[in-house]
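Chemist: Let chain P serve as the given structure and place chain R on it in line with the hints.
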Amino acid sequence: MAALTEEQTLIKDQAASWASAETPVAKFRAMRNEGPEQAFAQPTWSAMVDMGWTGILVPEEYGGSDLGYLTFGIVLEELGKQLTASPLFASAYVGASALVLAGTDAHKSEYLPKIVDGSAIFTLAIDEGPRHTPLRTALKAEAKGDGYVLSGSKTLVLEGMAATHFIVAARSSGKAGDAAGLSLFIVPAETAGLSRTQMKTMDSRGYAEVQFESVEVPSSALMGPADQAGEVLDEILDRARAGLGAEMLGVGAQAFAMTLDYLKTRKQFGAVIGSFQALGHRAAELFAAMELARSCGEAALQEIDSQSNSVAKACSLSKAKVGDFMHEMSNQLIQIHGGIGMTDEFDAGLYLKRARLLEGLYGNPAYHRDRYARLLGF
Amino acid sequence: MTETNNLDGFRTEVSDWVQANFPSTLKGLDIMSESPSTKGVGADFSAWQKKLGDKGWGTPTWPKEYGGAGLSDPEAKVIRQEIAKAGAFNPIPPMTGMGVTMVGPTILEYGTDEQKAKHLPGIASGEVRWCLGLSEPNAGSDLASLATKAVDEGDAFILNGQKIWTSGAHISHWCGAVVRTDPKAKKRDGISFVMLPMDQPGVETRPIKLIAGSSPFCETFFNDARAEKTDLLGDLNDGWSVVKRLLQHERQSQTSSPGAPKVDAEPLQEQAKRYVGTEEDGRLADPDLRLRLVRNLMDGEAHKLTVSRITAEARGKVNVSAAASILKNSMTRVAQTKAELTLEMMGHQGVGWEGNQFTDDELQSVRDWLFGKAMSIYGGSAEIQNNIISKNILGLPETTQQG
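Chains as they are written, first to last, in this note's numbering: chain P, 1 to 378; chain R, 379 to 781.
There is no bait here: all hints are sound.
EDC-like mimics (lysine to aspartate or glutamate), calculated; alpha carbons at most 16 Å apart, straight line: (1) R:Lys706 / P:Glu285; (2) R:Lys769 / P:Glu285; (3) R:Lys769 / P:Asp261; (4) R:Lys429 / R:Asp394; (5) P:Lys267 / R:Glu776; (6) P:Lys313 / R:Glu679; (7) P:Lys264 / R:Glu776; (8) R:Lys706 / R:Glu761; (9) R:Lys751 / R:Glu761; (10) P:Lys108 / P:Glu61; (11) R:Lys433 / R:Glu443; (12) R:Lys428 / R:Glu505; (13) R:Lys455 / R:Asp386; (14) P:Lys27 / P:Asp344; (15) R:Lys527 / R:Glu606; (16) P:Lys313 / R:Asp677; (17) P:Lys114 / P:Asp50.
Because the hints were derived from the structure by calculation, they are not lab data.
So that you can see chain P by itself, here it is in the shape it has in the complex (with noise of 0.2 Å):
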């Protein structure tokens, strides 16, 4: 762990007996059992309200504590152990970053305190089809009147069910894979001509395919200049992946510790199968590579509390070295179980299943591969 101030210290210790204690694993795995549409526990989301989670990244005058991406990733860790489902990472750690990097004054004062107390919702709307691909956004706005009309659809939308907004990445000229043209939006969920369904994922978290059939906005909806969101999404989309590689942290140091546990106390041959010298090179390759992870997942996170010029690359590093890591640690976590760990009735798929939801949302390990050697000029 990084080294911590006194108050991200305290966060982390009231984050994660929180979690452990209120919304342990097995909560997750009721919830799943029951699939509500809207794929979280309301008094979960209430309690992190009011502990003051959603303003973690929101700047004081609107209500929030603004304290930053390394304590938002310290709290995201904890509820990655314990795969505590809430809609805090797409409404109070991405649509906040959105409306902040983003947004008119007007958005941030109209919203910010509403993600603060919880009475709204946000996630972004990004993307179309089976790869991550944010220049290759197709969705279409057409300027009319005083306004815009959006067609188009969305996938994978994170909360997609449970959101009050969408923050929908749309092309407002030029062509699919053009890197100009593209500009960002505020949609409420019950604008007309704008339909949800219900996506069943294997980690029974909640996503939605959004559809938008001549959805009209206000040009009061366009977050910044027209055409030319581009960058301003990647710098969205960066802070999202480095809040997903705490997330990812999180999930890959449970399984390790699972894993480590059960390399103590299973027996076999007559001796408990952590004496194995091939098991034990294993476990330490693991806690090797996890160390390293949690290098560049917790740099990725202070790089954008210190506005350092190379944010893009310590997120796609984050999102590449802590999804290989957790990629890894969830296959082993089945493997090193066994019979055990193939079984529903333990806890380790529904690990290997959160895991590989996170490690394609907004770019895999590959997608970031090539991007970082594009940013280093190869």
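Modeler: Quick look at chain R alone, frame taken from chain P:
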């Protein structure tokens, strides 16, 4: 002992002296890899060595009576900084082998006045080169199991046995060796530290050729070699505490580099572009190599970030993070992979052994690649490191498997 309390004044004095005395012909000479005489500047090198030695500034913190300058650590630092700033170097430590960095400090601590007067001035002037006889063929990581025997013959000890990895033994004048003086005592209690001249009939050295070619390492054989009793360093059978201290000096010396820092080499991806070429969009033309290259660069960055994270965490904390234990393996992996990628990108230019069809960089890359294989062997092999992580860090039990 300080001549001035004003470091700024001292800095000016040192700077002026270096300007006045450092021969400009030696500028840019890499003393770790280039020989002054083959470069035609041997006389200038010797003159510079003598001037610095006479001043005592080759070993500035050593007492004046033994060839040093009796200066404080901050003053010694000023000398290092000003020498580096002028593009100069201190020729004395490398000329003495293990003399300045390890043997000298240990003599200062454990030696008698006679031993100090006999051995230190030669080191301080850079005239006497020292090697160390520590490892043996059957005593590597387990050094205390050493078997070289030293038998009491009145005025001297008579040595019989073999040392290995004695760096620079073939060109050294003196050797500091750990030997067994009491075969009946427990293994750490029967060891003594003796000093002996290399130029005698009972000492024979054989350079070890490595897969990377010639190396500074030797095997050293003692056949009735003679070490005077007056050259026993520390008490009889107390050599283990002497050698432990000596190894602490070794670790300390490894944290600082002798000359000015080298200018950063061309980044790997830029070299790759030159050898492999690029597509129209600027990507490396070999997509497979490109992805392995980016993985290596990311791994290198992850390693660096882990080093700085550990440093940040350690500040004000007693327990240094467990992450420190993984650094040796991660550094090794990054470096060895980088060396492989370098050769691969060089292609037909990455196979040269010698000759002018290959550039110096290309030839060096081949040697570095080969020498780098040692990284996962020395200082506790990669497997030993994983044993340490699994037992000491993760708390897994001792292995139950046999063989």
